[in-house]
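Student: Residue numbers (my numbering), protein chains in the order written: chain X, 1 to 370; chain C, 1 to 370.
Note that these hints are calculated values from the structure, not bench results.
Keep in mind that a hint or two might mislead.
What the simulated footprint calls covered on chain X by chain C, stretch by stretch (three residues with Cβ under 8 Å from a Cβ of chain C suffice, anywhere in the stretch; the number is not a length) [stated by the list, open to error]:
#1 170 to 183
#2 188 to 197
#3 226 to 235
#4 247 to 255
Part of the chain X face toward chain C, derived, beta carbon under 8 Å [as the list claims (entries may be wrong)]:
#5 L34
#6 A36
#7 G134
#8 L156
#9 Y158
#10 R208
#11 L282
Heads up, the beta-carbon is just placed ideally off N, CA and C, and yes, glycines get one too.
In case you want the letters, here they are:
Protein chains: 2
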Amino acid sequence: MITETHIVQFDSIALDCGSKLAPVDVAYETYGELNARKNNAVLVLHAFSGDAHAAGTDQSTGAIGWWDSMIGPGKGFDTDKYFVISSNILGGCRGTSGPGSINPETGCPYAMSFPPVTIPDMVRLQKMLTEHLGIERLLAVSGGSMGAMQALQWALAYPDAVAASIPIAGTARHSPQQIAFNEVGRQAIMADLDWNEGDYYGKRPPARGLAVARMVGHITYMSDESMREKFGRRLRDQDQFEVESYLRYRGSQFVDRFDANSYLYITKAMDYFDLTAGRPSLSAAFDGVKSRFLVISFSSDWLYPSYQSLDIVRALRGRNCDVAYCDLPSTYGHDAFLVHVSDQAELVRGFLASTFRERASSEQAVRGRS
Amino acid sequence: MITETHIVQFDSIALDCGSKLAPVDVAYETYGELNARKNNAVLVLHAFSGDAHAAGTDQSTGAIGWWDSMIGPGKGFDTDKYFVISSNILGGCRGTSGPGSINPETGCPYAMSFPPVTIPDMVRLQKMLTEHLGIERLLAVSGGSMGAMQALQWALAYPDAVAASIPIAGTARHSPQQIAFNEVGRQAIMADLDWNEGDYYGKRPPARGLAVARMVGHITYMSDESMREKFGRRLRDQDQFEVESYLRYRGSQFVDRFDANSYLYITKAMDYFDLTAGRPSLSAAFDGVKSRFLVISFSSDWLYPSYQSLDIVRALRGRNCDVAYCDLPSTYGHDAFLVHVSDQAELVRGFLASTFRERASSEQAVRGRS
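This is chain X alone, in the form it adopts within the complex (with noise of 0.2 Å):
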């Protein structure tokens, strides 16, 4: 499957912050073929670092998706059945509009002069998206880590524009060990003096604090179990284990990939993200919510504890959402929903089947009454 990145551009979008982006880019993939009646698109959301190659083989670069595993021919996302799409988030580096974007108005890079963006922003633009695809509902919704968040917040924003949402090792909301982890990274980049108050666009970028930032990153991915398994105590050379090699490796690549203001947004728009605000329950949130559930949560995340789903589920539940939820077994911690794919691929092939089946019947039942 060979795959190109496209962009679309819309005149603005309005964001929570009160203010307006004029104009947007959004960075698009998308795999396999929407039908006649469009009632088969799956949109999937990336997590932190993400972009809106998913699926396949890039034209130009040769990169495989991020969740090539899951999306192709006979994968959990079966395009052989299902439009399945995939953009770049609001405030990132990856082709959508995100702080190293030009502002028009001066003709340099944003910057922090980018506004602030939370989830639903992000998720207001994905459904710009769809709508400019021809799109009015979603089959599905679905993604890990962030992901999970924009799956719950599409869910809530637009109800009808859903049928279901399958948030994989997510949360309703940050813990503040959440938080601290972010905002280690935040302070590593902003220790760094050649971030310079995020004006560096065309000098050198804070290579070095980015690095330090990915590298705390890497470790809450993975688990105590699989760093035994995969590092153990082999020393690499005399002065340095395996460990630190990979980390140090991981920490100097993300470099050549990732914008490190979009780092400060994009934790930041995580960390605000809080279903309960304003809000008497995370139950609460999800009155007036029309679509299904399938929750998936791995044994060994300790970055996103299945606590934290499950706190979704018992919320779901009170509000008698239609909600399946499984804890799947795992020694890879957070990275479980990219590299441990498996069952969580059986999952959400029966779960997206049997969406769509009932889904066309109701339709059906639909044109029978008009």
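Assemble chain C onto chain X, guided by the hints.
Tutor: Quick look at chain C alone, frame taken from chain X:
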């Protein structure tokens, strides 16, 4: 209890790396009285960032010792009964020789020319200190975290010089996850341009890097649950969560009392400590050990998880050593050994008392025979 830190200087110490450090200073404090038979001495061993000031109120600064909850009249280490010694570790920055000390050959701080130090080196210097204080055999050695590593090393290296060892919340060797967190701290320091290859004495120290390193540390010292209890998602102000403000404060405060190069040296000593190295098993490490053991871990400690203490207990039992083990229930994470001490104090009190009784009666038997 008003206390004072003393410094003793020795001509030299031979190090595991093959070099000699000459001269070498040791900062130490003592609490309680050494009895006439000199059989009531207990050495407490500090964790990564501790110092000699373990208990009481420092006469000049008014600072309270880091284990004041455990050491004092009627406390776990009862100074009405025992003579408690605490010293700053080799490589540290609180009075004992370390990278910030003056190299007599150059008249300048050693900085990165300070020889690499190991946990056995630290313990060797402590042995010199206890001999200097006229103590041939310690009643007990005890410490948490890195202090636990030293407590194990004491029992191995000087089987005739220690009657009991109490390693708390420790390990016989670092896991890759523990190495990884230390490596992030090191990289954060070295990413700070003010680090200047370690040559910053008399100039601006790498304060931003060291603060980031400390922030990571503090996350690992607490548990997910204790952070939720302490901070929740409360905001300090519109742009800052309580947990962020706490971590920033702790980070910036650390810079005033800790030397970044000591951070590098001490974390390396921890990472390279491995009682299984060159041995067929951990049990084999305990061949020839003569002391009793009380091993303590805490249920919510994810930095030094209970399974690491259990590994030690199993290995000791494999050599038929006298070992008691307790996994104490606590929500405080790794910090529990410092802050959640009532059960711990009770265990230590009973264990020390029985060790003292046994020792006194065996000494009496020896005297009876002679």
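Student: Failing hints, ascending?
Tutor: Per hint list: 5, 6, 7, 8, 9 and 11 violated.
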